Amino acid sequence: MAHRLAPFALCLLAHPAFAEGENTAPLSAIDWLDQTPTVTLKLSEPPVAQGVETPDIAVDTLNAPGRDGVGLLPSHVTGLPATLWQNSRADTLANRIAGLRPERLPAMQALLYTLLLAEANPPGISNAPAEALLLARIDKLIEMGALDQAEALVEAAGPETPALFARWLDIGLLLGQEELPCEALNAAPHLSPSYAARVFCTARAGDWQGASLTLGTANALGLITAEEDALLLRFLDPSLFEGVPILTIPRALTPLTFRLYEAIGEARPTTGLPLAFAHADLRERAGWKARLEAAERLARTAALSENRLLGLYFEGKPSASGMIWDRVSALQAFDTALENGDTETLALRLPAAWAAMQSVHLEVPFARLYGSRLLAQPLTGTTARLARNIALLSPAYELAAAKGPQDFLSGLARGTPPRIPTDPTERAIADAFHGAGVPQDISTMLARGQLGEVILAAMDLMEDGALGNLAALTEALAIFRAVGLEDTARRAALQTLLIDLRG
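For the sequence shown, numbering that gives the first Met the number 0 begins at 0 and goes up steadily by one.
Treat the hints as calculated values from the structure; they're not laboratory data. None of the values given here were measured: they were computed from a predicted structure. Watch out, some of these pointers could steer you wrong.
Stated by the list, open to error - Derived SDA-like pairs: lysine to any residue, alpha-carbon spacing no greater than 25 Å straight-line:
no.	residue 1	residue 2
1	Lys288	Gly315
2	Lys402	Ala383
3	Lys402	Leu469
4	Lys288	Ser358
5	Lys316	Gly286
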């Protein structure tokens, strides 16, 4: 796979995401992904090199479909083969990615991040526009609020086409870091997604007269909306409009109009806006409450690490009560009891902290933070069982299986759930672990080598299955296991049983 980076995209080498951690290892997608395979596949042949070969060096043209294979994480990190997308159509893959809604099930979020960031051969069959799969991957990352990952993926591909550049600029605007995209746009105006963007970036470079001339031309040609015109006029010369309200009714905000409202001192609230806009409230200028609410939204899709969320919860002491402050108080009280080794107080505080995390669907981030530590606590009774169940949602789920009752959950964590449970959902899960086959159409796709497409199809089934379609639940788990995604299957099944996925 070959791709070229424009000079202005070489900043990726100094991108913060690649400067963190020891030995500059790539970050995980749920801290971008660890430097170990995130999935384990049953490969027909072991990936062992048979001698040393000199690799061929290929050069793609600017719009070559090879961009669809660009990724941040190589096969030895993801555990996925280079042929992941190779035997499927780009448009089919793009549509499947666009249709996924993984916000409810963290196991699906983790798998989706792995797929979106994986480096792999591009699809071999495509009637879709160039970069269709790459753009779908970037758009899904943006939709999930994973702007750092989306930005790095754009820069790895090289934002040298209008479609890629438009996304690079949008990400920069949402992060409040539009300097590099604007410099690139001023150097290559043909990449501009709109005249409004050209005006904004020209002004950002200090050329206020050029920006005014461009705005006048755009108005004369009818190439700019009334809202953009009003915002840009105030951005270019705020003194002329001091105290004068904007008379236009705001439309659906774009990253550019959102940033312009902020720049003229009329910032719009991010509540109700797409998730990516929440990053604006993570900046230091925002109040603690706004940053907490934004962090909770982003942590639900793993776009923000649980460690950063925890840091925000402990940034201060709540001076009020109700809603988010009750969550902060409950978590702080629980953490203090855990740190002090106060078992009696811990037993009292754990249920409240867990209920607080359940209320905002942050059970798995909480489990990732505390699951292993809870297993080591000398708790008893219902609190011990709650601690065991929380740990079952953590990476230590197999260790948790040895604690507490030897029930369906403990068997599932080991990959051997009882065969005939009485609960219908448990029975659907057990069937997948005791011989349920994959659908014929999936078998055909696997025979064609369409592994990535099969995984996406299973994820779609899993979303339905987790919400009550028991046939889809069995099929999804059976598919994951058939292609070697055993860890994903167990985590997804445990989460289906232990998390309230409604709402």
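Each hint, compared with the structure:
For the suggested pair Lys288 and Gly315, the alpha carbons sit about 11 Å apart, so the restraint of at most 25 Å is met. A C-alpha spacing of about 9 Å is found between Lys402 and Ala383, which places the hinted pair at or below 25 Å, so the restraint holds. About 28 Å separates the Cα atoms of Lys402 and Leu469, which puts this hinted pair outside 25 Å; it is violated. For the hint pairing Lys288 with Ser358, the CA-to-CA distance comes to about 17 Å; that is within 25 Å, so the pair holds.
Pair hint Lys316 plus Gly286 holds up; C-alpha atoms about 14 Å apart against a cutoff of 25 Å.
Comparing the model with each numbered hint stated earlier shows that hint 3 is the single one that does not hold.
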